[in-house]
Amino acid sequence: MPRVLIVDDAAFMRMMLKDILVKNGYEVIGEAPNGLKAVEMYKQEKPDVVTMDITMPEMDGIQAVKEIRAFDPNAKIIMCSAMGQQAMVMEAIKSGAKDFIVKPFQPERVLEALKKVLG
Amino acid sequence: MDMSQYLDIFLEESEENIQRLNEGLLSLEKNPDDKEIINSIFRAAHTLKGMAASMAFERVADLTHKMENVLDKIRNDQLNVNSDIITLLFKCVDKLQEMIENIREKGTEDAEVEEIIEALKNIEKGKAASITEKKVELEIEFNEYDKDIIKSALEKNYNVLKINVTIYKDSILKSARAFLVYKTLEELGEIIKSVPSIEDLEQENFENQFYLILITQKSEKDIKSKIEGISEVEKVEVERVKIKKDDRKEETVEKVEENKQKDVVNTSEVKEEDKNTKKVSQSVRVDLERLDKFMNLVGELVIHRTRLEQISRDFKSQELHETLEQVGRITTDLQDLVMKVRMLPIEKVFNRFPRMVRDLAQELGKEIEFVMKGEDTELDRTVIDEIGEPLVHLLRNAIDHGIETPEERIKQGKSSKGTVKLVAYQEGNKAVIKVEDDGRGLDVNKIKKKANQLGINTDGMSEQDIRNLIFLQGFSTSEKVTDISGRGVGMDVVKTKITSLGGSIEVQSEVGKGTAFIIRLPLTLSIIQALLVKVSEETFAISLGFIDRVIKINLSEIKISNNKEVIIYRNNVIPLIRLSEKLNLMEVELEEKFCVIVKVGEKTVGLLVDSLLGQQEIVIKPLGKLLQKQKEYVGATILGDGLVTLILDVAALV
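From first to last, the protein sequence lines stand for chains G and Y.
Read in full-length UniProt numbering, the first sequence has 100 at position 100, and its numbers run on one by one without any break.
Read in full-length UniProt numbering, the second sequence has 386 at position 386, and its numbers run on one by one without any break.
It is possible that some hints are incorrect.
Unchecked claim - What follows is a set of in silico ranges between Cβ atoms, one per label pair, in the way DEER data are often shown:
hint, chain 1, residue 1, chain 2, residue 2, range
1, Y, Glu407, G, Pro104, 51 to 61 angstroms
2, Y, Arg240, G, Pro104, 38 to 48 angstroms
3, Y, Val371, G, Thr55, 47 to 57 angstroms
Rather than coming from a laboratory, the hints here were simulated on the basis of the structure.
Just so you know, even glycine gets a beta-carbon here, dropped at the ideal spot from N, CA and C.
Let's have the full structure, built from the sequences with the hints guiding it.
Shown next, in the form of structure tokens:
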């Protein structure tokens, strides 16, 4: 069962994602409300994949991607973006994010992205 | 059932359909996915097949049938259009043309079609099995720089791959998605081109599909699976890019593909059907001979009207005069009408050029955009019949000498694609045809040098005068003689031909910018302005188109040079032809005679005549069968007083 870390500052979004993932055979090993916490949890838990929101307090998603990738160059991170965050998504991709999903989440798209990133 | 009565119409319609095939294939090459074009090609082949089968021309029927099969495959997306297929189909059309010609001349098809039919079968069989998906709409055009990179990459055994990515139609943040693909590929090799451009991709100026050209050491499969590992990617196609050594045309083969969603919706299908019903203008086919006869009769009517008018003046009858005026108006209308009936759109000549230009451009490795305008400009059919050859010459020159090679053009900051324009329009009672290119232009210095070699003194000549030297016999500045043009038999022949049609040609050019040849032609040839002259007891007509000037000379001014009679006029030595001698007439002893100086191409000759009768509009009527071999005359006319006058063929005399 693939282990997932969900990062989002909105509990609502985390809950939604978690629902989708759990129903489809993923194990959510942790939830982080900001980038700082995310990096910390990644180092502890070494999840198979991270879903990463972009705009967050403390540390934004892009910075978190950079730090996680610095720690683990093979880290698999999927960005969670809202419409209109084109430039930031590209920035995240440049920093090493593997894929992205767009809010509002469509379960099949989320699952597709996870499946593909995990190969 | 005797079918021979239908032969004429069969031949005529066959040619029309062959022309349609040619045109269709040319546009198909540009828009390989246009269903309407394929349909129209298909229809032309189908019509041809039906007619040929009815006429029992089995080989034509067989060949068109096989073409139909291939076209049908293309139409149903079972076969992709590529340049091989187009070239083969062109060959088929050539073969059909050949067979139709043979039928016209010998009554039998008389041609080998087995080989070509075999090739068609192979295409039909070979590729139909493996290629099923419709070709994507985007086309990649490689410039010379890209081609160089691709070539050297191929030489170093890298793979050059064309990667066509389709993402979900409803994908959000498409440009970020494209960027993700781009980024992924960048890690696997070097991206040398993207269609649409990176900028357009970033600004989301694309539907849901794009191409990238990647130079990589990875295999097609690796690349494909990497891209498929990105979410919201609907389809990935990877093809190898190959560049042919000889014609540098890129071709793609070896498709590796797989589709998750084959139901690419084809909603445009229905709309396209509507366009099929083109408006057909109502017309009647008339045998040309009948038209010529009609024209002749009208000409005769005009002549007799003139005679009647003369008589009516002598009788001074008011009633007769008024009636004659009516008759006059009607005959003028009639004359206009029949002239218009004889007119044909120049399209008839133009429509074979796109194919020719394509072939030439390929042969010479040049990129050419061929633009035709004013194909509907109408000219007398005599002109139409004759103008083709000079135009071919000018176009060949433009492509061969005018347009530079793509490399050279890029070096000069031009686009690699040269433009050749063929434009026709009406200007007053003349038709103008322009052949324009945006190539290297005429190099005045080169022409000067050549002129000096030929012993022509160019001192004091204006640049325009120097440019006009290219119309001289034996003049070609091209350093190398190619297959296509440059043998020095060019421009003077063109000029002579155009002059003999009563037209004129001029050249405009700017170095580095291009060259334009402007041809002016009379709309009709059957009525001309002529100078009537008297030689001995006979009256002759000379077309004003040839006449440069007329001078009065004293016989003592005639000099002998190289055993030939010449006159010296304004420091020019002009050969003299005594018409009385040439036409075996009695020489009239006069102290002063007239010399009509005529120009044919670049040749200037003086024609010695006894007296001048004046200028008049005359109707050219062909000579009867008995006199047809008289090459000194182009025809005859009847003057207002009923006198039959021969019209001199100046071009044949000098």
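Results for each hint:
1. For the hinted restraint 51 to 61 angstroms between Glu407/Y and Pro104/G, the CB-CB distance of approximately 54 angstroms keeps it satisfied.
2. The hint said 38 to 48 angstroms for the Cβ distance between Arg240/Y and Pro104/G, and at roughly 41 angstroms that hint holds.
3. At about 54 angstroms, the beta-carbon gap between Val371/Y and Thr55/G stays in the expected band of 47 to 57 angstroms.
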